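Asker: Letter by letter, the chains look like this.
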Amino acid sequence: MDELRHAHMFRARGREILAALPQAADEGAAFQAHAFAPGERGLDDLVVEAESDDSLLAFLHLSEKAAAQRFAMYREVLGFDEATQGVFTQILRDEAFHMNYTYAQLRRVSPKKHGLALWWARLGRLWKGYLRLASAIANVMSTVILTAQYFLVLPLFALFAKAAARRLPRGWTPARSASPLGSQY
Amino acid sequence: MKILGISAHYHDSAAALVVDGLPVAAVQEERLSRKKNDAAFPLEAIEWCLRAGNVTPEELDWVVFYEKPMLKFERIVTTILREFPASWRAFPKAMKNTLGEKLWIKGVITSHLGVPGSKILFTEHHQSHAAMAFLTAPTRRAAIMTADGVGEWATLSVGRGEVKDDGTTTIEVLREVRFPHSLGMLYSTFTAFLGFEVNEGEYKVMGLASYGSPRFVDDVRKVIARTDDGAFALDMRYFDYHKTSERSFSAAFVDLFGPPRKPHSPLDPTTESGRRYADIAASAQRVLEDTLVDLAKDLRRETGLADLCFGGGVALNGCANARILRESGFERLFVPSAPGDAGCALGAALFVDRVHLGRKHREIPHHPYWGPVVEPGELSRVAAEDGMPCETLSTDDAALDRVVDALAAGKIVGWMDGAAELGPRALGNRSILAAPHTAAMRDRLNKEIKYREEFRPFAPAVPIEVADEYFDLPPGGAPLGAFMSGVFPVREKWRDRLAAVTHVDGTARVQTVERDKAPRFYELLKRYGRRTGIPVLLNTSFNLAGEPIVTRAVEGYTTFRRCGIDVLAVGRHIVTKPAPGTKNAVEEQ
Numbered sequence: 018m019d020e021l022r023h024a025h026m027f028r029a030r031g032r033e034i035l036a037a038l039p040q041a042a043d044e045g046a047a048f049q050a051h052a053f054a055p056g057e058r059g060l061d062d063l064v065v066e067a068e069s070d071d072s073l074l075a076f077l078h079l080s081e082k083a084a085a086q087r088f089a090m091y092r093e094v095l096g097f098d099e100a101t102q103g104v105f106t107q108i109l110r111d112e113a114f115h116m117n118y119t120y121a122q123l124r125r126v127s128p129k130k131h132g133l134a135l136w137w138a139r140l141g142r143l144w145k146g147y148l149r150l151a152s153a154i155a156n157v158m159s160t161v162i163l164t165a166q167y168f169l170v171l172p173l174f175a176l177f178a179k180a181a182a183r184r185l186p187r188g189w190t191p192a193r194s195a196s197p198l199g200s201q202y
Numbered sequence: 097m098k099i100l101g102i103s104a105h106y107h108d109s110a111a112a113l114v115v116d117g118l119p120v121a122a123v124q125e126e127r128l129s130r131k132k133n134d135a136a137f138p139l140e141a142i143e144w145c146l147r148a149g150n151v152t153p154e155e156l157d158w159v160v161f162y163e164k165p166m167l168k169f170e171r172i173v174t175t176i177l178r179e180f181p182a183s184w185r186a187f188p189k190a191m192k193n194t195l196g197e198k199l200w201i202k203g204v205i206t207s208h209l210g211v212p213g214s215k216i217l218f219t220e221h222h223q224s225h226a227a228m229a230f231l232t233a234p235t236r237r238a239a240i241m242t243a244d245g246v247g248e249w250a251t252l253s254v255g256r257g258e259v260k261d262d263g264t265t266t267i268e269v270l271r272e273v274r275f276p277h278s279l280g281m282l283y284s285t286f287t288a289f290l291g292f293e294v295n296e297g298e299y300k301v302m303g304l305a306s307y308g309s310p311r312f313v314d315d316v317r318k319v320i321a322r323t324d325d326g327a328f329a330l331d332m333r334y335f336d337y338h339k340t341s342e343r344s345f346s347a348a349f350v351d352l353f354g355p356p357r358k359p360h361s362p363l364d365p366t367t368e369s370g371r372r373y374a375d376i377a378a379s380a381q382r383v384l385e386d387t388l389v390d391l392a393k394d395l396r397r398e399t400g401l402a403d404l405c406f407g408g409g410v411a412l413n414g415c416a417n418a419r420i421l422r423e424s425g426f427e428r429l430f431v432p433s434a435p436g437d438a439g440c441a442l443g444a445a446l447f448v449d450r451v452h453l454g455r456k457h458r459e460i461p462h463h464p465y466w467g468p469v470v471e472p473g474e475l476s477r478v479a480a481e482d483g484m485p486c487e488t489l490s491t492d493d494a495a496l497d498r499v500v501d502a503l504a505a506g507k508i509v510g511w512m513d514g515a516a517e518l519g520p521r522a523l524g525n526r527s528i529l530a531a532p533h534t535a536a537m538r539d540r541l542n543k544e545i546k547y548r549e550e551f552r553p554f555a556p557a558v559p560i561e562v563a564d565e566y567f568d569l570p571p572g573g574a575p576l577g578a579f580m581s582g583v584f585p586v587r588e589k590w591r592d593r594l595a596a597v598t599h600v601d602g603t604a605r606v607q608t609v610e611r612d613k614a615p616r617f618y619e620l621l622k623r624y625g626r627r628t629g630i631p632v633l634l635n636t637s638f639n640l641a642g643e644p645i646v647t648r649a650v651e652g653y654t655t656f657r658r659c660g661i662d663v664l665a666v667g668r669h670i671v672t673k674p675a676p677g678t679k680n681a682v683e684e685q
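Residue numbers (this note's numbering), protein chains in the order written: chain X, 18 to 202; chain Y, 97 to 685.
Hints listed in this document are in silico derivations from the structure and should not be mistaken for laboratory results.
As the structure is a computational prediction, the values presented were derived from the model and not from experiment.
Warning: the hint list may mix true and false statements.
What the hints assert, rightly or not - So the derived label-pair ranges between C-beta atoms look like this:
(1) Arg124/X <-> Asp364/Y: 50 to 60 Å
(2) Gly146/X <-> Asp493/Y: 52 to 62 Å
(3) Leu173/X <-> Trp200/Y: 26 to 36 Å
Yeah, the Cβ is synthetic: ideal placement off N, Cα and C, and Gly gets one too.
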């Protein structure tokens, strides 16, 4: 429920900010640090059913804590924008509650080994952070190599392809003759 | 004979299992992974299909992938070469995107399922669409048309299918239009231009079109011209989708139609700028419809057949479908419940069974309910854990009456019953239902539950035998409405009393419900009709914005708890939300 409410708050404030921006500002928003942000690439997927109660609660506690720290930082640097700062202040209150609640539940579920569970969860976050960084570096390297290949290897083939394209008919094309179903061509 | 069909890696991946010529299970990956439009390899969907069919991977005779990956790769590389050097940004992305997993699908299937490579087959993308459209339709001879964004090379194809007297089946593709000329890409380009998400916001363009007048038709015809042979060709100066993955329209497109709408900015068709976007949407819609009607007319003349089976993502355009039915000369039009890529999983499996292996035709039940069956008892358990009282009615009659009471009292009901639908529409088994009589209900649904734009219409469901009383259905319209595939006028005298489902132009995307396909839903409509005098309910998909339609009772319950749905009914189990301000047992603790 809280997360849904936060999403509404972010969306509403985001719309207000977007509405105030000039049209061209959209193009400047092309840079998004997706490669460094957690989630959405399969590296951070959490299979809830596969986790024990204490490891799941440790994971949630650290995630809430990280979110609370991040939101606290955003709130600090948004002194020039009171409206957005207000959004973060409200959300930070919830995140702090989630952080404390998950910690209390972790202590309840695992009174003796909650510290160990937290350290395992921290190591897991460190490993996933490494994977994110490595994947971002690999992404940059592959882009550079492929772009170089594009300009070094492809020009001659591009000439042939462009010449062939000029001979293509417009409109209907006869259906290509059926290839065997075992073939990937 | 056990055949597993798989579609994946573009949008909306899915799996389907066909045993001895009949589908036994089919589901989209998103319904299980809970990621909207999940395009990943559909491992969960495959596992569920095999479980549902009680089949192990070793027992599979064939596994069919819905398109030919190498042929698709050829198209991608050729397009990049043709657009050199403008395609330099697209090249690294395309290579990384394709070479990572998509090109090695045979190995992926082998490693996940453990089946030998010799058992893996590949149909062509539009073959799969055609097979889904024709082989699941209640017809034995029909013309076939498929249209989408792009498959391998084809973007639109026409042909015919026949089930012969000896039970053998043929599907013949006569000709095709090839990439980059594509009706699907044309519509998606307007979708992006109007600030909506491509492959998701096309419904919004169609809904918005009703608010506008097609005053930009001549401009749209500049970007898509008809060719002498009766097909069409896009003027690629107006498009960028063949050069880059970052935008679909070019600067020339913006020069022609003006500045694009910013995503997320409010869109009010009553304002001047909103009206302009609505007019552009109406113009794009008109040209799409005109083109499809002309293509269908030619196909009707050429084949002389009475039935048309229409597949591909473009077939989700209900307004265009209604015009095809009215104007093309075909007597019946069949659009499957999942005409898009998800349905290709089933289409590919059926193609192998009927056409490739030449096995005898078997009549396929004409319904969309091939997904996981909801477990009513799960609702009681989850509600109890959450401290919400869950009533279990003693008989089905009592449960139906309780739901009718709630609907008649203006409550919004989350309704889950039986097997989930295959395809993007909730057709009475995973639906949010409400009384369709007032515009206030529509506004409430938009604001409290669906969190979506006000210009988007809601659909009505009505028993098929009385559909014509409330809606102006052309001959063949009622069967087209079985899967909500056509948009038809609401009869003038009912528009005031069906205000929540009557769009601004007086139309509605009608679902005609048959007793033998959805008996409980049908019975609910009949009982509601007896109570209120109008056997029509508002039926919208059971999900929140940005989420897939619910599958299991627990998902229905969490959705129910997060939005303004008043009552949740799963079989004979019913949970009613307490009045505002009342806490449930868990919250009180």
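Asker: Would you mind marking each hint as holding or not holding in the structure?
Answerer: Now the hints, each set against the structure:
{"no.": "1", "hint": "Arg124/X <-> Asp364/Y: 50 to 60 Å", "in the structure": "52 Å, holds"}
{"no.": "2", "hint": "Gly146/X <-> Asp493/Y: 52 to 62 Å", "in the structure": "58 Å, holds"}
{"no.": "3", "hint": "Leu173/X <-> Trp200/Y: 26 to 36 Å", "in the structure": "27 Å, holds"}
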